[in-house]
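Novice: Below are the chains, spelled out letter by letter.
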Amino acid sequence: MQDIENEIRNIIAEIVEKDPSQITPEAKFFEDLGMDSMMALEILAAIEKKYKISIPEEKLMQLTSLKDTVAVANQYLK
Amino acid sequence: MNPLNIEEIQKALPQRYPILMIDRVVELERNKKVVAIKNVTINESYFGGHFPEEPVMPGVLIIEAMAQASIMLFYSAEKENSVKEQSYYLGSVKVRFLNPVFPGDQLKITVTPVKVISSAAIVNAVAEAGNKEVAKGELTFSVKG
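The listed protein sequences derive, respectively, from chains A and B.
Every position in the first sequence, counted from 1, becomes a number in my numbering once 2 is added.
Every position in the second sequence, counted from 1, becomes a number in my numbering once 950 is added.
Hints should not be assumed to be uniformly reliable.
Some chain A residues well away from chain B (every beta-carbon gap over 10 Å; in silico) [unchecked claim]:
no. : residue
1   : I6
2   : K20
3   : S23
4   : Q24
5   : E33
6   : D38
7   : S39
8   : E44
9   : A47
10  : K51
11  : K52
12  : Y53
13  : V74
14  : N76
15  : Y78
16  : L79
Pairwise CB distance ranges (calculated) [to be verified]:
no. : chain 1 : residue 1 : chain 2 : residue 2 : range
17  : B       : R980      : A       : Y53       : 24 to 32 Å
18  : A       : I55       : B       : N1074     : 13 to 21 Å
19  : B       : S995      : A       : Q64       : 45 to 53 Å
20  : B       : H1000     : A       : Q77       : 48 to 56 Å
21  : A       : K80       : B       : I992      : 38 to 46 Å
Just so you know, these hints were derived from the structure itself, not from any lab.
Even for Gly, the Cβ is constructed at its ideal location relative to N, Cα and C.
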């Protein structure tokens, strides 16, 4: 569980070009990290690729923080 | 699907001279794969300045060709305005340039989607000249209706 959070934190850090330490579980992607909707899509695609899962388009709106993103990913991970 | 000639490409893409960067689409599977051709000749206006003694195609124009080929992923033969009804905005580009492109080269650009949703897409693009890869990478763009 912790591993997944760390892995997803690193994915997000690379896409938003921030230090992983700035990606706290509650930091808001748009307000706090300056992310845009296309970065959110890149995160979704990177998670799908890493875990070989498929996340439906509707879930994109739920990717608003690391915590929420991990929760969405966990719904599709075994 | 049959290859698309320049008249058909112009029905789909709004770009025109001097920035229509694909000449032919040789393979097209909607939402799955596009292979497009760009013939590079010494008559291209940018070679006058890039560079006068040593003409090399600017890398950003290879990216533009990749982006235009990517738009063709959304082309549908049945619906003439399928592509033009929307606007496409490049959001991010991660491209590595591997070899220079010179006058006389024929660029073959292959685009495959990584992720396509209704409002955006991420695609992989590879540009080859002869048997050599000249550039490859990932483009993210939004699609607005």
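Novice: State for each hint whether it applies.
Specialist: Going through the hints against the structure:
1. I6: Non-interface label stands for I6/A: nearest chain B Cβ at 20 Å, farther than 10 Å.
2. K20: At roughly 15 Å from the nearest Cβ of chain B, K20/A sits farther out than 10 Å, so the non-interface label holds.
3. S23: holds, 23 Å
4. Q24: Fine: 19 Å to the nearest Cβ keeps Q24/A off the interface.
5. E33: holds, 19 Å
6. D38: Violated: least Cβ distance 7 Å, not greater than 10 Å.
7. S39: violated, 7 Å
8. E44: Violated, because the least Cβ-Cβ distance between E44/A and chain B comes to about 6 Å, which does not exceed 10 Å.
9. A47: The claim is violated: A47/A sits with its nearest Cβ about 4 Å from chain B, within 10 Å.
10. K51: violated, 8 Å
11. K52: holds, 13 Å
12. Y53: Holds: least Cβ distance 14 Å, greater than 10 Å.
13. V74: holds, 15 Å
14. N76: holds, 20 Å
15. Y78: holds, 14 Å
16. L79: For L79/A, whose nearest Cβ neighbour in chain B is about 18 Å away, the distance exceeds 10 Å, so it holds.
17. R980/B to Y53/A: 24 to 32 Å: holds, 28 Å
18. I55/A to N1074/B: 13 to 21 Å: With Cβ atoms ~19 Å apart, the hint holds.
19. S995/B to Q64/A: 45 to 53 Å: holds, 48 Å
20. H1000/B to Q77/A: 48 to 56 Å: holds, 50 Å
21. K80/A to I992/B: 38 to 46 Å: This hint is violated: roughly 57 Å between Cβ atoms.
When held up to the earlier numbered hints, the structure conflicts with 6, 7, 8, 9, 10, 21 and fits the remainder.
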